[in-house]
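J.: Take a look at the letters that make up each chain.
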Amino acid sequence: MLRARRSIRHEINAGSIADIAFLLLIFFLLTSTMDRNYSMRRDLPAISTDNSAVAERNVLTLSLNNVDELSINGKPATFDKVNTRIKEFILNPANDKALSEKVIKTVKLLGEVPISAGVVSIKTDDNTSYSAYYRLNDMINKTFLELKDQKAQKVFGLSYGKLDEYRRKAIDESVPVNINE
Amino acid sequence: MPTVSTAALPDIIFMLLFFFMMTSTIRRHTAKLNVKLPTAQTVEKRTDAEGVCFVYIGQSRSGAAGMLVQVNEDFVELNKVGVAVTAVKSKLTQAKQDKFIVSLKIHKDARMKMVKDVKAQLKQVGAMQIDYSGTHATF
Chain A
1 MLRARRSIRH EINAGSIADI AFLLLIFFLL TSTMDRNYSM RRDLPAISTD NSAVAERNVL
61 TLSLNNVDEL SINGKPATFD KVNTRIKEFI LNPANDKALS EKVIKTVKLL GEVPISAGVV
121 SIKTDDNTSY SAYYRLNDMI NKTFLELKDQ KAQKVFGLSY GKLDEYRRKA IDESVPVNIN
181 E
Chain B
1001 MPTVSTAALP DIIFMLLFFF MMTSTIRRHT AKLNVKLPTA QTVEKRTDAE GVCFVYIGQS
1061 RSGAAGMLVQ VNEDFVELNK VGVAVTAVKS KLTQAKQDKF IVSLKIHKDA RMKMVKDVKA
1121 QLKQVGAMQI DYSGTHATF
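In order, the protein sequence lines correspond to chains A and B.
Under the numbering used here, the first residue of the first sequence is numbered 1, with each subsequent residue one higher.
Under the numbering used here, the first residue of the second sequence is numbered 1001, with each subsequent residue one higher.
Okay, chain B solo, but in the shape it has when bound (with noise of 0.2 angstroms):
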């Protein structure tokens, strides 16, 4: 019985596995929300730099009403974001705590009334460097 000869095999998984390897970047996080990002046209590609928080505002999955916050890998009150940053930050190295970010990855349905509240947080903690995610429009 002729056989189909599986040498070239290795190979071929080889080169997807370099394929995704190229394409993909690693994930820090889970979010353990729903957040869909608004879109627009000047949004630039991060620097990947180090020193960087994420801040996730968006829906429950369970379908509960109302928006949630999570820091990082953790849910948080939306009055403990700033303690939460500073203790992320806090477990920097200096060089990193320099150019320290914060990445605020906020569903595009969510109220300003939180997104100012995060944001006077973050000010009162000295974390003035942020970034608004985003999805970039291609038109």
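Chain A extracted, bound-state conformation (with noise of 0.2 angstroms):
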């Protein structure tokens, strides 16, 4: 009588599983999206965005116009030049009087050093695209991650990307992204 017992199996109907498993599939094809999120991270200023309290040397004006033609402190620029312009305004090589002014500031890691107070200001018309708006931004983007390149290889001898985060907050210090719209 035993024996007869062990000797059926009992087995559960797997022919459902399929269906079970299509219905989950269709369900997370339907309630997932396949873009991912990139974005471009910008904290607005607390402080008034007006520049008056601001040394004229030490603002860079980017302004846009209705048609999205660009010109930098006032003049007719291409954006090709935007990297070159901020670079030269906040390293100010030369200490020039008419480019950004640097202050002496205690870095922790780096100790004393020359830090630019160069503002980024942009200016945009009521009819300026917001494309052209995001290519400037992206371009100025571009240029601080350069500029911390550089400081980084100069005083670490590594890449701003391969920096442990110590590190990467004192080269933060050293190049502040000051952007004021």
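Incorrect hints may appear among the rest.
To be verified - Straight-line Cα separation of at most 30 angstroms, DSSO-like style, residue types lysine-lysine; simulated pairs:
| id | chain 1 | residue 1 | chain 2 | residue 2 |
| --- | --- | --- | --- | --- |
| 1 | B | K1099 | A | K108 |
| 2 | A | K148 | B | K1108 |
| 3 | B | K1113 | A | K81 |
| 4 | A | K108 | A | K162 |
What the hints assert, rightly or not - Listed next, the stretches of chain B that the computed footprint assigns to chain A, with coverage defined by at least 3 CB atoms under 8 angstroms from CB atoms of chain A:
| id | segment |
| --- | --- |
| 5 | 1008-1021 |
| 6 | 1128-1136 |
Just so you know, these hints were derived from the structure itself, not from any lab.
All C-beta atoms, glycine included, are put in the ideal place defined by N, C-alpha and C.
The two chains are supplied separately, each in an independent frame; assemble them into the complex guided by the hints.
T.: Okay, structure coming up:
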């Protein structure tokens, strides 16, 4: 009697597992998106946005007019000039009186370093397109990343992306990104 | 008549299922607007913080002229964005409110007048951390 019962093999019918999996698959296909979220982080300035408190030499004004044409400090310029103009403005290697001022500050890990007090000011017309504004921001980001990378190479001998948290913070402090709108 | 064995079918489906689960993210909101994002090289992958509010500026799908504003799920008047964002923020827990980010998904052909207007309102209601969504250009 016992033997006979053991010989009967009880199996769960697995035929419907495929259907259940299909159902799950369709559920996930409908509730999810394939696009990744890429974005540019910005903090809105807490203080007033007017530049009157900042010395004129410390402001580099990039303005976009109603037909998306760029001018730097009031003079028409092309987009590919943004990179060199910002670098020149921030680094100011010859300590030019017309370019940004340097302030000596103490930064952890680096000691006393000269830090540019330069502010990049973005001005737009009401009719400027968002894509031109985005492109300009992209260029500013890229320039500051290059400046940080340059600094990191000089101080630590590593590219900015390869630094650990503390060193990265030191570089962030010595190359501040001041953007005003 | 010889039959095709379907025993491996569930395994295949499960594999597909796992693939899609790994490669996709859960859709939070349906954009009811047509938003073509601008392209940039320096965009970063957003760390998916929980305290996010999405503000869309885009063209209506019906093809009407002009840009509309959507905050999370709802259409909002341009001058009510600040109020709508505050309403979203107030529903979050304190921990999430501290890390609150407003993600702006703006059509690349939008005019800066609208963008500036939205940003001025965000500043007024104290939503200082924002990000501009874009597509990643690889070259």
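J.: What are the numbers of the hints that this structure violates, sorted from low to high?
T.: none
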